[in-house]
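Participant: Construct the entire structure; sequences and hints are all you get.
Protein sequences appear in the order of chains A and B.
Position 20 of the first sequence, counting from 1, maps to 20 under the numbering used here, and the rest follow consecutively.
Position 47 of the second sequence, counting from 1, maps to 1047 under the numbering used here, and the rest follow consecutively.
Just so you know, the hints here were simulated from the structure itself, not pulled from any lab data.
A few of these clues could be false.
Here are the computed lysine to any residue pairs in the SDA-like style, where the Cα-Cα straight-line distance is at most 20 Å [to be verified]:
no.	chain 1	residue 1	chain 2	residue 2
1	A	Lys47	B	Ala1130
2	A	Lys135	A	Val192
3	A	Lys203	A	Val192
4	A	Lys135	B	Ala1130
5	A	Lys135	B	Ala1200
6	A	Lys47	A	Ala69
Number of protein chains: 2
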Amino acid sequence: MTEMLPTITAFAWVPEFARGFVRDLRPRWAFEEVGQRYEVELIRDAKTPDHRRTQPFGQIPTYSDGEVAIFESGAIVWRIAERAGQLIPSDPAARARTHQWLIAALNSVEPYVMAIAINDLFESDQPWSAARGPKVRADLHARLVDLDAALGDETWLEGTEFTVADLMMISVLGGLRGTGLLDQHPRLAAYVERGESRPAHRKAMADHLAAFVTEPA
Amino acid sequence: MTEMLPTITAFAWVPEFARGFVRDLRPRWAFEEVGQRYEVELIRDAKTPDHRRTQPFGQIPTYSDGEVAIFESGAIVWRIAERAGQLIPSDPAARARTHQWLIAALNSVEPYVMAIAINDLFESDQPWSAARGPKVRADLHARLVDLDAALGDETWLEGTEFTVADLMMISVLGGLRGTGLLDQHPRLAAYVERGESRPAHRKAMADHLAAFVTEPA
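Facilitator: This is the structure in structure tokens:
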């Protein structure tokens, strides 16, 4: 009998600018951290009725392990960590803080990171894009100042213990790669660098990039 | 010996337009749903160094129950539900879906709701606000079409069982109250109405509104 491996969906192709940023990176990284083998179902179109039955917003990744089938990268990496009994502290207070920071990454930081992409990429052809650029940068900057102060001189959000909250926060901040917007926050830049230097992240990134075929559908 | 009640922070005063929308509503609603008495520490300024030690972004609510001290409304309502053994299904698949929808509310829906507030309120004096209005409405509309299809004709996201995911999704959609932006999505409007008609929500809203003093600090 073959072990049923957990499976995620990822894109078979994305444009050059999106490579290294698509959210299948997050579960890939989590799987590598906990040493869980997994399978990837590559899809070309997430907006089909069929895919929307598992992901109503027409996005990737989705996740299935035989017992649980879910979408939302935050819920997926939490599931991978919980199932493995790793990346989440067992102490109740530390566990709750880890959940807090996972959600902070997704609700208190990522919208400000996404605002840059929305303005600079998805609204780049709109008449307000250039004028609005400094405003979204100022909003992000203020958020990063607060996050920098919260991290302080710790290695990880929970001190010396790398958790799934770091995995998510660094994934979110990784969305700024190449923008120079972390340059004014050297402690955060070093934090992201620490996370992305982990062997598990390197392997996840390599597999993420290797999945893309060279031609669009 | 007096039982130590869980405590949250909320604002002693907010401007008229923010009343009914501030996020202390979320834990208040969760406490009422599970029948947990709680205390509220009213603060006038969340940007102080003292408050930032518990909420680095200078916001409310924060939460403490003697064992766990956290911020992020999503993590707080999850903690309240988990501690009470209510609002989270015990079946592992349903539990994971509940976590998925909680995070979907915060990461896949709320940024689109917030984009309306950012454009119409916080950037209303900016030269691009009027021109950008239709774009943020179109983005939100597309997201709500997807959410409407996912909910379908179910009562709650998990069918007949009201969960903490509904509490969060309805709280997020409640941010559209008064905008008319749910009018084109009658099933979602009815869903929000169902949630806000629950006695626990009514009590939470009444207590939320009653907390505000009439004069600013």
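Participant: None of the hints should be skipped; say for each whether it holds.
Facilitator: We went through each hint and held it up to the structure:
1. A/Lys47 to B/Ala1130: Violated, because 30 Å separates the two Cα atoms, which is more than 20 Å.
2. A/Lys135 to A/Val192: Roughly 24 Å separates the two Cα atoms, so the pair is violated.
3. A/Lys203 to A/Val192: It holds: about 16 Å lies between the C-alpha atoms, which stays within 20 Å.
4. A/Lys135 to B/Ala1130: OK: A/Lys135 and B/Ala1130 at ~16 Å, within 20 Å.
5. A/Lys135 to B/Ala1200: Roughly 39 Å between the alpha carbons, so the hint for A/Lys135 and B/Ala1200 is violated.
6. A/Lys47 to A/Ala69: The given pair, whose Cα atoms are some 18 Å apart, holds under the 20 Å limit.
Comparing the model with each numbered hint stated earlier shows that hints 1, 2 and 5 do not hold.
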